[in-house]
Amino acid sequence: MTQTITAYPPTPPKPPMPVGKRLALTLLPPLLMGLALVLLYAGTRAQLPEHRQFLMPGASDLWVQAFSRPDVLAELGARAAVTLSIAVVGLAISIPLGMGIGILMFRLKVMERAAFPYLVALQSIPVLAIIPLIQSAFGFGFLPKVLIVALFTFFSIPTTLLLGLKSVDRGIIDLFRLQGAGWQVILWKAGLPSAAPALFAGLRISAGLAVIGAIVSELFFLAGRGGLGQMLINSKIDFKYEQMYAALIASSALSIGVYLFFAWLGNRLFSDWHESGGKSS
Amino acid sequence: MTDHPQDQIALEFDDVSMRFPDGTQALADIALRIRAGEFVSIVGPSGCGKSTLTRIASGLLPHTGGTVRVDRNNVGFTFQDATLLPWRKIQGNVELLMELRGVPASTRAAIAREQIELVGLKGFENHYPKRLSGGMRMRASLARSLALDPSVFMFDEPFGALDEITRERLIDELVDLYMRKGFTGLFITHSIPEAVYLSTRVAVMSARPGRITETFEIDFPYPRRPELRFDPRFVETCNTISSALRATLETAGPAQ
Ligand SMILES: Nc1ncnc2c1ncn2[C@@H]1O[C@H](COP(=O)(O)OP(=O)(O)OP(=O)(O)O)[C@@H](O)[C@H]1O
Ligand SMILES: [Mg+2]
Chain G
1 MTQTITAYPP
11 TPPKPPMPVG
21 KRLALTLLPP
31 LLMGLALVLL
41 YAGTRAQLPE
51 HRQFLMPGAS
61 DLWVQAFSRP
71 DVLAELGARA
81 AVTLSIAVVG
91 LAISIPLGMG
101 IGILMFRLKV
111 MERAAFPYLV
121 ALQSIPVLAI
131 IPLIQSAFGF
141 GFLPKVLIVA
151 LFTFFSIPTT
161 LLLGLKSVDR
171 GIIDLFRLQG
181 AGWQVILWKA
191 GLPSAAPALF
201 AGLRISAGLA
211 VIGAIVSELF
221 FLAGRGGLGQ
231 MLINSKIDFK
241 YEQMYAALIA
251 SSALSIGVYL
261 FFAWLGNRLF
271 SDWHESGGKS
281 S
Chain B
1001 MTDHPQDQIA
1011 LEFDDVSMRF
1021 PDGTQALADI
1031 ALRIRAGEFV
1041 SIVGPSGCGK
1051 STLTRIASGL
1061 LPHTGGTVRV
1071 DRNNVGFTFQ
1081 DATLLPWRKI
1091 QGNVELLMEL
1101 RGVPASTRAA
1111 IAREQIELVG
1121 LKGFENHYPK
1131 RLSGGMRMRA
1141 SLARSLALDP
1151 SVFMFDEPFG
1161 ALDEITRERL
1171 IDELVDLYMR
1181 KGFTGLFITH
1191 SIPEAVYLST
1201 RVAVMSARPG
1211 RITETFEIDF
1221 PYPRRPELRF
1231 DPRFVETCNT
1241 ISSALRATLE
1251 TAGPAQ
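Chains G and B supply the protein sequences, listed in that same order.
Using our numbering, you'd call the opening residue of the first sequence number 1 and step up by one each time.
Using our numbering, you'd call the opening residue of the second sequence number 1001 and step up by one each time.
There may be inaccurate statements among the hints.
Cut-off 20 Å, straight-line C-alpha distance, at most; resulting in silico cross-link-like pairs (EDC-like, lysine to aspartate or glutamate) [said to hold, decoys possible]:
id : chain 1 : residue 1 : chain 2 : residue 2
1  : G       : Lys-240   : G       : Asp-71
2  : G       : Lys-166   : G       : Glu-112
3  : B       : Lys-1089  : B       : Glu-1099
4  : B       : Lys-1130  : G       : Asp-272
5  : B       : Lys-1130  : G       : Glu-275
6  : B       : Lys-1181  : B       : Glu-1114
7  : B       : Lys-1089  : G       : Asp-272
8  : G       : Lys-236   : G       : Glu-50
9  : G       : Lys-189   : G       : Asp-169
10 : G       : Lys-189   : G       : Asp-272
11 : B       : Lys-1181  : B       : Asp-1071
12 : B       : Lys-1122  : B       : Asp-1172
13 : B       : Lys-1130  : G       : Asp-169
14 : B       : Lys-1089  : G       : Asp-169
15 : B       : Lys-1089  : G       : Glu-275
16 : G       : Lys-189   : B       : Glu-1099
17 : B       : Lys-1122  : B       : Asp-1176
18 : G       : Lys-166   : G       : Glu-275
19 : B       : Lys-1089  : B       : Glu-1117
20 : B       : Lys-1089  : B       : Glu-1114
21 : B       : Lys-1130  : B       : Asp-1081
Chain B residues, not near chain G, derived (Cβ > 10 Å throughout) [as the list claims (entries may be wrong)]:
id : residue
22 : Ala-1036
23 : Pro-1045
24 : Gly-1047
25 : Ser-1106
26 : Ile-1111
27 : Arg-1113
28 : Glu-1114
29 : Phe-1124
30 : Glu-1164
31 : Val-1175
32 : Asp-1219
33 : Leu-1245
Everything labelled a hint here was simulated from the structure, so no lab data went into it.
Heads up, the beta-carbon is just placed ideally off N, CA and C, and yes, glycines get one too.
Whole structure, please, built from the sequences with the hints as guidance.
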């Protein structure tokens, strides 16, 4: 049998892509997708009978009736601030509470056995279904809304934290034990830092949920000067669909903003040392 | 090497045995006396209880029979991997044990810098472990233990995960540290040449349940230099220990 030898010449490295082309390649796909969606929207709107077109306001109406009007913009801003404050206070309750319960379950096996099944079970109750109950119990002020946000965001926190605390490197724990460190020291200097990235990934999602929870809570509480959720309902009642859309857009912008903030914060805190972090060498 | 009072015992296993709650008899009647300033390596087949023995000696694991005598307040321990805290820079990692012992901040910073320099990591104080190679991480781990200036130093296969070249360099540095600091060493390894090169004495352990079947005095003078590895007497010693190790496997039967 004869062998056939093939010569493989070197492959010259590809010249780096010009900046313009690279930018176009990253920006063009989402832009085109966006354009397609806008066209789909416009097409659907055109299909609607005239008297139902108010359901899908056109871009110019949206501009004229909402985003170009300083009073609407001011209202959006003020209401976004209210929604954000509900979300933030809700998180300020659920995060420490959830962490406390996570730590307690970690420290006391009995607590874990006792609480864990209920945490899982409670997670399956739709929060929406108990809003009327919360209303009856706590009235219509700030507190019930904050509680709803706390309920929306609470459950993943203790379970993620517990999982993180349990997966601390055993060698590291031994290292601490060899120096006679107590559990508080081990928790503070080994457990929490090691669990922090996983916990933070969970918090990022909770934070986005907090805004959604705040808006949902407002749908049920129309008294007083509320946030974006109330604006959604009010503009429906007043038949101002452009402003409703504006409130919708502001809501998702707020939710994305909060998510991005936590993502940025997590990256800042952990990217230097965590495996998943960007800077590797 | 610093001088120790003749025959002062630094670490003693007096018929120590270990049975785990699940019934596994890991160690049976371990008898071993290590004098202060000795460097004893233990070689034995995988699973014979070497890690268990060091964990017992250090106090991480309570044993179930016999007596262990050691000053546990002055024990250094190096694990198979570096076990650095990934969220601390090298400086912070080397300071950790001192911090846990309550050494004041300024003192421990200075000591840490000294030890970092000693293990050849100067300039890497502000690096996170993830940016260091495996060998460098092991060095940092050594520096961390050295910072407490332990009188008994236990090593559980510290270089097992490293490549041959890095490994030999670190062994040379360990010999150096041993001569400089004069600690008592208990070194676990799979590698007979490594054990012979480092130690004043090599103990051979049998398969589970682990016992010490034989010990060999190694009388090559320190400092030991890499050429020693080619010395016929060195090779012969390795062969003798290797036969002893094989003999324990044969009497134990084909179980492992
Ligand atoms: N917590 C435990 N419960 C039950 N058995 C255990 C436990 N820890 C270790 N063992 C058993 O004890 C024996 C000795 O384990 P050990 O880790 O000390 O071996 P080793 O000599 O260090 O092995 P290697 O060389 O692979 O590191 C093994 O058979 C192991 O399965
Ligand atoms: Mg082992």
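Verification of the supplied hints:
1. G/Lys-240 <-> G/Asp-71: holds, 14 Å
2. G/Lys-166 <-> G/Glu-112: holds, 12 Å
3. B/Lys-1089 <-> B/Glu-1099: holds, 14 Å
4. B/Lys-1130 <-> G/Asp-272: This hinted pair holds, its Cα atoms lying about 9 Å apart.
5. B/Lys-1130 <-> G/Glu-275: holds, 7 Å
6. B/Lys-1181 <-> B/Glu-1114: holds, 14 Å
7. B/Lys-1089 <-> G/Asp-272: holds, 10 Å
8. G/Lys-236 <-> G/Glu-50: holds, 18 Å
9. G/Lys-189 <-> G/Asp-169: Holds - the C-alpha atoms of G/Asp-169 and G/Lys-189 are around 13 Å apart, at most 20 Å.
10. G/Lys-189 <-> G/Asp-272: Given pair G/Lys-189, G/Asp-272 holds - Cα atoms ~18 Å apart, limit 20 Å.
11. B/Lys-1181 <-> B/Asp-1071: holds, 17 Å
12. B/Lys-1122 <-> B/Asp-1172: holds, 18 Å
13. B/Lys-1130 <-> G/Asp-169: holds, 15 Å
14. B/Lys-1089 <-> G/Asp-169: OK: B/Lys-1089 and G/Asp-169 at ~17 Å, within 20 Å.
15. B/Lys-1089 <-> G/Glu-275: Holds, at roughly 14 Å.
16. G/Lys-189 <-> B/Glu-1099: Holds, because 11 Å separates the two Cα atoms, which is no more than 20 Å.
17. B/Lys-1122 <-> B/Asp-1176: Holds - the C-alpha atoms of B/Asp-1176 and B/Lys-1122 are around 17 Å apart, at most 20 Å.
18. G/Lys-166 <-> G/Glu-275: holds, 18 Å
19. B/Lys-1089 <-> B/Glu-1117: Between B/Lys-1089 and B/Glu-1117 the Cα gap is close to 15 Å, so the pair holds against 20 Å.
20. B/Lys-1089 <-> B/Glu-1114: holds, 16 Å
21. B/Lys-1130 <-> B/Asp-1081: Holds, at about 13 Å.
22. Ala-1036: Check passes; 20 Å lies beyond 10 Å.
23. Pro-1045: B/Pro-1045 is indeed farther than 10 Å from all Cβ atoms of chain G, at 23 Å.
24. Gly-1047: Holds: least Cβ distance 18 Å, greater than 10 Å.
25. Ser-1106: The assertion about B/Ser-1106 holds, with a minimum of 19 Å to chain G.
26. Ile-1111: Non-interface label on B/Ile-1111 holds, nearest chain G Cβ at 15 Å vs cutoff 10 Å.
27. Arg-1113: holds, 20 Å
28. Glu-1114: Per Cβ check, B/Glu-1114 is outside 10 Å of chain G; nearest 20 Å; holds.
29. Phe-1124: holds, 13 Å
30. Glu-1164: holds, 24 Å
31. Val-1175: holds, 24 Å
32. Asp-1219: Holds: least Cβ distance 33 Å, greater than 10 Å.
33. Leu-1245: holds, 27 Å
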